[in-house]
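> Protein chains in written order, with the numbering used here: chain X, 1 to 150; chain P, 1 to 674; chain G, 1 to 120.
One thing to keep in mind: the hints can contain errors.
As the list claims (entries may be wrong) - Partial pick of chain G residues on the chain P-facing surface, computed with a CB cut under 8 Å:
no.: 1; residue: S12
no.: 2; residue: G45
no.: 3; residue: R68
no.: 4; residue: I76
no.: 5; residue: A98
no.: 6; residue: T99
no.: 7; residue: K117
Stated by the list, open to error - Each pair of labels, with its calculated beta carbon distance range:
no.: 8; chain 1: P; residue 1: E431; chain 2: X; residue 2: E146; range: 55 to 65 Å
no.: 9; chain 1: P; residue 1: A9; chain 2: G; residue 2: L112; range: 17 to 27 Å
no.: 10; chain 1: P; residue 1: G588; chain 2: X; residue 2: P76; range: 13 to 23 Å
no.: 11; chain 1: P; residue 1: L222; chain 2: X; residue 2: D79; range: 48 to 58 Å
As the list claims (entries may be wrong) - Beyond 12 Å from chain P on every Cβ pair, some chain X residues (computed):
no.: 12; residue: D12
no.: 13; residue: E26
no.: 14; residue: V39
no.: 15; residue: T40
no.: 16; residue: P73
no.: 17; residue: A74
no.: 18; residue: T77
no.: 19; residue: D79
no.: 20; residue: T80
no.: 21; residue: V107
no.: 22; residue: Q108
no.: 23; residue: D110
no.: 24; residue: Q125
no.: 25; residue: E127
no.: 26; residue: F128
no.: 27; residue: M134
Please keep in mind that the hints were generated in silico from the structure rather than gathered at the bench. Beta carbons are placed, not taken as given, at the ideal position from N, Cα and C, and that holds for glycine.
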Amino acid sequence: MAPAATPDQAVDVLTLEIGTEVFAIEATAVREILDLVPVTEVPGARPFVGGVINVRGRIVPLVDMRLRLAMPPAAPTADTRIIVLDIALEGEPTAVGILADRVNEVVQLDLGMLEEAPRLGLRWQPEFIRSVGMRSGRLVVLPDLERILT
Amino acid sequence: MSGSLPDPAETYRQEAAELLDMLEQSLLDLDHRPDDRDLVDTAFRALHTIKGSGAMFGFDSVAAFTHEFETAFDRVRAGLAPCSRALVAAALRARDHIRGLIEAPDATDPAVGDTILSALHAAVSDDAAAPAPALPPTAPESASASPRTWRICFRPGPDALVNGTNPLLMLEELRGLGRARVTALLDRVPPLDAIDPESCYLGWEVMLETAAPRSAIEEVFLFILDDAAVRIEPPSDDTAAQAEPGPAAAIAATPDLAEAEPPSVVPPLRPGRSDPDIGRVGGSLRVQAERLDALMDRVGELVICQARLHQLAGAGADPGLTAVAEEIGRLVSELRDTTMGIRMVPIGSLFTRFRRLLHDLSRDLGKPVELVTSGEETELDKTMIERMADPLVHLIRNAVDHGLEAPDAREAAGKPRAGGIRLVARHAGAEVLVTVADDGRGLDAERIRAKAVENGLIAADARLTEPEIHQLIFHPGFSTAREISAISGRGVGMDVVKRTIEALRGSIEVTSRPGHGTEVTLRLPLTLAIIEGLLVRVGRGIYAIPLSAVEECVELPPDEASRGGFSLLSIRGALVPFLRLRELLRTGTAPDPYQKVVIIAAGEHRVGLVVDQILGSHQTVIKSLSRLHADVKTFSGATILGDGTVALILDVAQLLEIGQAEEERGRAKLREAA
Amino acid sequence: MRTVLTVDDSASIRQVVANLLTNAGYRVVEAANGAEGLKQLQAGGVNLVVTDLNMPVMDGLTFIREARKLPTGKGIPILFLSTESDAVKKQQAKEAGATGWIVKPFQNDQFLAVVGKVLR
Chain X
1 MAPAATPDQA
11 VDVLTLEIGT
21 EVFAIEATAV
31 REILDLVPVT
41 EVPGARPFVG
51 GVINVRGRIV
61 PLVDMRLRLA
71 MPPAAPTADT
81 RIIVLDIALE
91 GEPTAVGILA
101 DRVNEVVQLD
111 LGMLEEAPRL
121 GLRWQPEFIR
131 SVGMRSGRLV
141 VLPDLERILT
Chain P
1 MSGSLPDPAE
11 TYRQEAAELL
21 DMLEQSLLDL
31 DHRPDDRDLV
41 DTAFRALHTI
51 KGSGAMFGFD
61 SVAAFTHEFE
71 TAFDRVRAGL
81 APCSRALVAA
91 ALRARDHIRG
101 LIEAPDATDP
111 AVGDTILSAL
121 HAAVSDDAAA
131 PAPALPPTAP
141 ESASASPRTW
151 RICFRPGPDA
161 LVNGTNPLLM
171 LEELRGLGRA
181 RVTALLDRVP
191 PLDAIDPESC
201 YLGWEVMLET
211 AAPRSAIEEV
221 FLFILDDAAV
231 RIEPPSDDTA
241 AQAEPGPAAA
251 IAATPDLAEA
261 EPPSVVPPLR
271 PGRSDPDIGR
281 VGGSLRVQAE
291 RLDALMDRVG
301 ELVICQARLH
311 QLAGAGADPG
321 LTAVAEEIGR
331 LVSELRDTTM
341 GIRMVPIGSL
351 FTRFRRLLHD
361 LSRDLGKPVE
371 LVTSGEETEL
381 DKTMIERMAD
391 PLVHLIRNAV
401 DHGLEAPDAR
411 EAAGKPRAGG
421 IRLVARHAGA
431 EVLVTVADDG
441 RGLDAERIRA
451 KAVENGLIAA
461 DARLTEPEIH
471 QLIFHPGFST
481 AREISAISGR
491 GVGMDVVKRT
501 IEALRGSIEV
511 TSRPGHGTEV
521 TLRLPLTLAI
531 IEGLLVRVGR
541 GIYAIPLSAV
551 EECVELPPDE
561 ASRGGFSLLS
571 IRGALVPFLR
581 LRELLRTGTA
591 PDPYQKVVII
601 AAGEHRVGLV
611 VDQILGSHQT
621 VIKSLSRLHA
631 DVKTFSGATI
641 LGDGTVALIL
651 DVAQLLEIGQ
661 AEEERGRAKL
671 REAA
Chain G
1 MRTVLTVDDS
11 ASIRQVVANL
21 LTNAGYRVVE
31 AANGAEGLKQ
41 LQAGGVNLVV
51 TDLNMPVMDG
61 LTFIREARKL
71 PTGKGIPILF
81 LSTESDAVKK
91 QQAKEAGATG
101 WIVKPFQNDQ
111 FLAVVGKVLR
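Pulled out of the complex, with its shape left as it was, chain X reads as follows:
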């Protein structure tokens, strides 16, 4: 009954692509992954949260990271998905949809391999990054969603 001492330092993350970057989001935060659904524009909202979608009867803000991270805009493709996440914003649990160009698999990422965000090589503000790691030779970014969204 006593728990075996596990070397359980690895976390399950969902990897996804936006532009040329590969992002990782902790799998426990992911509520569901949707195909593109009709988006209702919210006039007057900040551009990167310019719309809302209906997720099973809940009104969920849709975040376009490209606009937040100063990446060039791109039209949706057949691979475009919306990842619905549960995150805490200013202490309040909030469901947020994030547009991704492509969703890859859930992988185990070794926490030991993740490094504090290096200040070089990335095009965007270091405070938006929680940490980075390597996976199959590509840089994987664990974003700090709360900072990015507030």
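Starting from the structure of chain X, add chains P and G where the hints point.
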């Protein structure tokens, strides 16, 4: 995590403040329902926690004082003293004293505390005691001290191990009580290939020979809430104990019962239906507010889903499907009404909060007040009730401070010395009317008028009817700083009251007769959760406007259609400013050839909203927008349409404000041009 | 040495629990909410959890449920603190996977007695 630790004392202060409020409410309620055991228990629990945590965080004076308070009150709980008016009065003062001890210990006078405590003790002393004499507390099991043999059957259930329950520890604890013979019960162990290694299939039977009372055995299984999991069978000669409920039920549901006196000394609860409160308590169930909100959400989804089904069924030609769709439509609307009914709570819960307020106002202002309430049973959405509280507090303060004359002046005017305040709630169609009335001096129309002229609200020669003059007190520019008194200032914040009520899609009216008093009536919709909405299209977007705010819809005159910027529209002789939503929402689209104007109104403010198309009405389930859209003020929420897309709900109060601002700017420009 | 994880948004309560348990010979790790608690638990080595139910970010019930899904959270005793002796809350927490509870406010010996009841 190290960082700056919050002061533990501060944590305690906050917790205590909440408990003190709870205590106060219970005491005020006890004033009316002195026999209500639940109220006594609630008050006692609050005291108990205040004392316990107080000691933990170093509020020794609080703990000591509360201990005395609790001791006195315990006599009421035990049925040894009635909950008299004198007791409630003393307890309320004691409650205030505790607050003082917590918030400003240096400013509290121990002598005052002692006076209060002696009043408390006097109120529960034997002279005031209940008719039945106290029986010595007898625990049935403590009677026999010689060892007896109990049969205990324990089946922890499959999840027990995963959930951290350690049956071995429990068996050991039982062994600690006496001589135990333990037999494993293997009958529920499945075949090997069906065994889940993490599940617990075993049970145990223990023959325990002990002098310890039943409660000691139950203590071992304290954390087992499932009645079926533990059976404690007393020695065969002990028939009295046989009738006791299962251990889990006894411990979990009524922790205080063990110490309670035999039923004969409990103040008599009339078995008849004479007391409506008792009947209500018996038949009701406390449900967490979040669960109700979740239920309402699901019903909202169902309403939306049903709208889609209705659309699909209408499009196809399958008569069977149409019939089912209609049936579901009927069920859904019934379910919606029932669910909204569950969210309704009697406004009486709010009225009781005002009793203390009046009690204190009366004391502070030296004006005796007689409060009369009626319609406490009138039901209203719980959210609505919460949001109405502040405006009502304000109205009541105004009524006592400014409405009621001083006792001598009242006597001189041939009125009773005590001023009358009436709080009335009643239903009127889909609305609830809540009235705060006083029998005081009434509004002074001449003074209001003079002040409105002074503040530039009206021209000196303006012709206004009396009701129009009374309305001026709600104008944002009416009150001046000079007016603010300690309690309130007539006019101070009346505009805020009005705005709050309008934000709830309600309205406010005032009537007054000089020398006879003032009556302020709030009109409010029954619920906030579902409204009728008018769907309109602006550019490519579809928006909902609360139908209750819509006054009428007209066509935009062609000469206006081609223009932009500010202008006024003549509606039945009155000039109404209008907003081009295409411009406000920056649609970037060309206007439709025949644009419509939706006139919305709240109070006497009106504004026209120019839209491209009016689509019709829609049962609107109101959903809030997330924090990420907190900065967007034009919308009060969103709703989901029959096709599953989202439509934003326009915020009427906000648009009216924008409209007024536009109008003022526009008029200023016109004046400049002239 | 036995390690106890205390999860509570109130730093003062965490402090009280930590002092009590440290003096009684336990090692104590702290977390301010359920999400932090899960992280601590994931790291392994925790023998007992004492959690509040009412917390921001991730409440106690969710925390208990999630904890039971972790390999390092299965089978260890989880006790929750509740201010009121509320039967409904207890039932909910038990269903979520809690082992038992401690009623706030508690006396030191009561607290240690309950800990001793589920952990040895």
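> May I ask which of the numbered hints given earlier this structure violates, with the numbers listed in increasing order?
2, 8, 14 and 15
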